[in-house]
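Here's the letter readout for the chains.
There are 2 protein chains.
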Amino acid sequence: MRSRGKLYVVGIGPGDVELLTLKAKRALEESEFVLGHKTYVERIRHIVKGKIIESKMGEEVERVKKAVQLAKSHIVSLVSGGDPSIYGMASLVAEYVYSTRADVDFEVIPGVTALCSASPLLGCAVSGDHAVVSLSDLLTPWETVEKRLRKALEGDFVVVIYNPSSRRRVDKLVRAMGIVLEVRGNVPIGVVKNATREKESVFVTTPKDIIEDPSKIDMHTILFISNSETMIVNGKMITPRGYSRKYRW
Amino acid sequence: MRSRGKLYVVGIGPGDVELLTLKAKRALEESEFVLGHKTYVERIRHIVKGKIIESKMGEEVERVKKAVQLAKSHIVSLVSGGDPSIYGMASLVAEYVYSTRADVDFEVIPGVTALCSASPLLGCAVSGDHAVVSLSDLLTPWETVEKRLRKALEGDFVVVIYNPSSRRRVDKLVRAMGIVLEVRGNVPIGVVKNATREKESVFVTTPKDIIEDPSKIDMHTILFISNSETMIVNGKMITPRGYSRKYRW
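Line by line, the protein sequences give chains A and B. For the first sequence, the positions run 1 to 249 when our numbering is used. For the second sequence, the positions run 1 to 249 when our numbering is used.
Chain A with its partners taken away, still in its complex shape (with noise of 0.2 angstroms):
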């Protein structure tokens, strides 16, 4: 019986290498290959022992059907930045491996997204519940998006955005605040930009502020909408978890 291969799709959290969990770095470790984004590999190459195929963003498609192809008879890791499941590669792969019932042992092993690091940089941007809304509309409808901030911001959700803006569609961006405004009006949006990274900064702002400026925001940011709880507390924007409705200091 010929040995089995093994692919790991591995969240490598949101920049900060430390942020790794010891299973992440165990399996990027023991790897002969892995495989990912130029900008991912890159945050971890100094832990990579085997070889590094490197690949573009739109090339995703050929890079799973290389790495199950590979994992085959041999260990390897696809790198996913932040959280696989969230906007990153577990569903890609998953979908591949399970329709086409490709002969592949497969685990994902989770990573730190980006909300859970950038929260705290505010304060506490985000206690408890919350929606995740990405502005991209490359993989989703523009209406669906639109749809989704908007049931979300009714439902009094502190909103997180991913992906809120990039050269290509700043109109979007645009547009996303105006619904902000519409349902929920001026209220405080925090600003996370490159979380654990280089050039890391964190800032309030509001949607009118974001519709005059909106190169403030790029692809690289993540966005906190306030819900009704929300306060800025010193500079710190912080949703309390419910505490203070029950206890005092």
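A hint or two may mislead.
No copy labels: a pair is met if it fits in one copy or bridges any two.
Stated by the list, open to error - Subject to a maximum C-alpha distance of 30 angstroms in a straight line, what follows is the list of computed DSS-like cross-link-like pairs (lysine-lysine):
1) Lys236 to Lys199
2) Lys236 to Lys72
3) Lys208 to Lys172
4) Lys199 to Lys25
5) Lys25 to Lys6
6) Lys25 to Lys193
7) Lys49 to Lys38
8) Lys193 to Lys56
9) Lys72 to Lys56
10) Lys236 to Lys66
11) Lys25 to Lys236
12) Lys38 to Lys65
13) Lys65 to Lys147
14) Lys65 to Lys236
15) Lys25 to Lys51
16) Lys208 to Lys147
17) Lys66 to Lys199
18) Lys6 to Lys236
19) Lys49 to Lys25
20) Lys193 to Lys6
21) Lys172 to Lys147
22) Lys6 to Lys199
23) Lys147 to Lys199
It should be emphasised that the hints constitute simulated quantities derived from the structure, not laboratory data.
The hints should help you fit chain B onto chain A, whose structure is shown.
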């Protein structure tokens, strides 16, 4: 000048110690005091070199005060299951420190939240946009919980339910499943119990089945409610990310 202390609020992930981050492990190792709920402390006891102070549920406010006090001149870790921003200790610490202007240096170390470890066990229940709701009405009024659940379902989010049940409030789970039936119909619901821990169990059910026998769901369970795109493929629950609209294998 006396040496200053430090307070780490440490996300220890969903259960498996291998899912600690490198940073979390280091913080626990270097802490002179480690405070936390008994269940969480148990998982990381072997890593800790300092003194462990355990407490029970309901004693969170006292635990935070104690941790802040100790952290004025010691290195202290306050442990939180999963990620501290998602139904964890981050907001209580932030609220206390920023509102009392407590003279303490604190840092949240993010962790892997339950949904990221549980989603791949089902296949790929979450792949992008999603809403997270807790059914516990200890800290959130039940009307708010119901409103959020309804809006999230109307927005066609994959809805991830934390704390779905407890002995005290089985009726709330039944009411929530009634809302799912009403808004989305008898759709597949992915269930993960004790993700990455002993007695892990994974299955797919429906709101009708849960209403008939709610005893299958307990407080150590996380639920994933399908959106309109979620499919069951060879027994696995998969929410595709939209690649299939753009590509063919």
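Hints, verified against the model:
1. For the homomeric pair lysine 236 and lysine 199, the shortest alpha-carbon distance inside one copy (20 angstroms) is at most 30 angstroms, but the shortest distance between copies (41 angstroms) is not.
2. For the identical chains of this complex, lysine 236 and lysine 72 are inter-copy neighbours only, at 21 angstroms across copies versus 50 angstroms inside a copy, given an alpha-carbon limit of 30 angstroms.
3. Taking the closest pair of Cα atoms, lysine 208 and lysine 172 come within 30 angstroms of each other only inside a single copy of the chain (14 angstroms); across copies the shortest separation is 39 angstroms, beyond that limit.
4. Within a single copy, lysine 199 and lysine 25 get their C-alpha atoms as close as 25 angstroms, and across copies as close as 26 angstroms, so both meet the 30 angstroms cut-off.
5. With identical chains, the CA atoms of lysine 25 and lysine 6 are at most 30 angstroms apart both within one copy (16 angstroms) and between copies (27 angstroms).
6. Proximity of lysine 25 to lysine 193 under the C-alpha cut-off of 30 angstroms is found in both arrangements, the shortest distances being 25 angstroms within a copy and 26 angstroms between copies.
7. In this assembly of identical chains, the alpha carbons of lysine 49 and lysine 38 lie at most 30 angstroms apart only when taken from the same copy (17 angstroms versus 39 angstroms across copies).
8. For the identical chains of this complex, lysine 193 and lysine 56 are intra-copy neighbours only, at 22 angstroms inside a copy versus 37 angstroms across copies, given an alpha-carbon limit of 30 angstroms.
9. Within a single copy, lysine 72 and lysine 56 get their C-alpha atoms as close as 23 angstroms, which meets the 30 angstroms cut-off; across copies the closest is 48 angstroms, which misses it.
10. In this assembly of identical chains, the alpha carbons of lysine 236 and lysine 66 lie at most 30 angstroms apart only when taken from different copies (23 angstroms versus 46 angstroms within one copy).
11. Taking identical chains as interchangeable, the C-alpha atoms of lysine 25 and lysine 236 lie at most 30 angstroms apart only when they sit on different chains, with a minimum of 27 angstroms there against 33 angstroms within one chain.
12. When the C-alpha separation of lysine 38 and lysine 65 is checked against a cutoff of 30 angstroms, the pair qualifies only within one copy, where the shortest distance is 17 angstroms, while the shortest distance between copies is 45 angstroms.
13. Taking CA atoms no more than 30 angstroms apart as the test, lysine 65 paired with lysine 147 passes in neither setting, with 33 angstroms inside one copy and 42 angstroms between copies.
14. Within a single copy, lysine 65 and lysine 236 get their C-alpha atoms only as close as 45 angstroms, which misses the 30 angstroms cut-off; across copies the closest is 20 angstroms, which meets it.
15. Within a single copy, lysine 25 and lysine 51 get their C-alpha atoms as close as 16 angstroms, and across copies as close as 28 angstroms, so both meet the 30 angstroms cut-off.
16. When the C-alpha separation of lysine 208 and lysine 147 is checked against a cutoff of 30 angstroms, the pair qualifies both within a copy, at 20 angstroms, and between copies, at 27 angstroms.
17. With identical chains, the CA atoms of lysine 66 and lysine 199 are never at most 30 angstroms apart, being 34 angstroms at best within one copy and 35 angstroms at best between copies.
18. Taking the closest pair of Cα atoms, lysine 6 and lysine 236 come within 30 angstroms of each other only across two copies (19 angstroms); inside a single copy the shortest separation is 45 angstroms, beyond that limit.
19. For the homomeric pair lysine 49 and lysine 25, the shortest alpha-carbon distances inside one copy (11 angstroms) and between copies (23 angstroms) are both at most 30 angstroms.
20. In this assembly of identical chains, the alpha carbons of lysine 193 and lysine 6 lie at most 30 angstroms apart only when taken from different copies (25 angstroms versus 35 angstroms within one copy).
21. Taking identical chains as interchangeable, the C-alpha atoms of lysine 172 and lysine 147 lie at most 30 angstroms apart whether they share a chain (13 angstroms) or sit on different chains (27 angstroms).
22. Taking the closest pair of Cα atoms, lysine 6 and lysine 199 come within 30 angstroms of each other only across two copies (24 angstroms); inside a single copy the shortest separation is 36 angstroms, beyond that limit.
23. Proximity of lysine 147 to lysine 199 under the C-alpha cut-off of 30 angstroms is found in neither arrangement, the shortest distances being 33 angstroms within a copy and 39 angstroms between copies.
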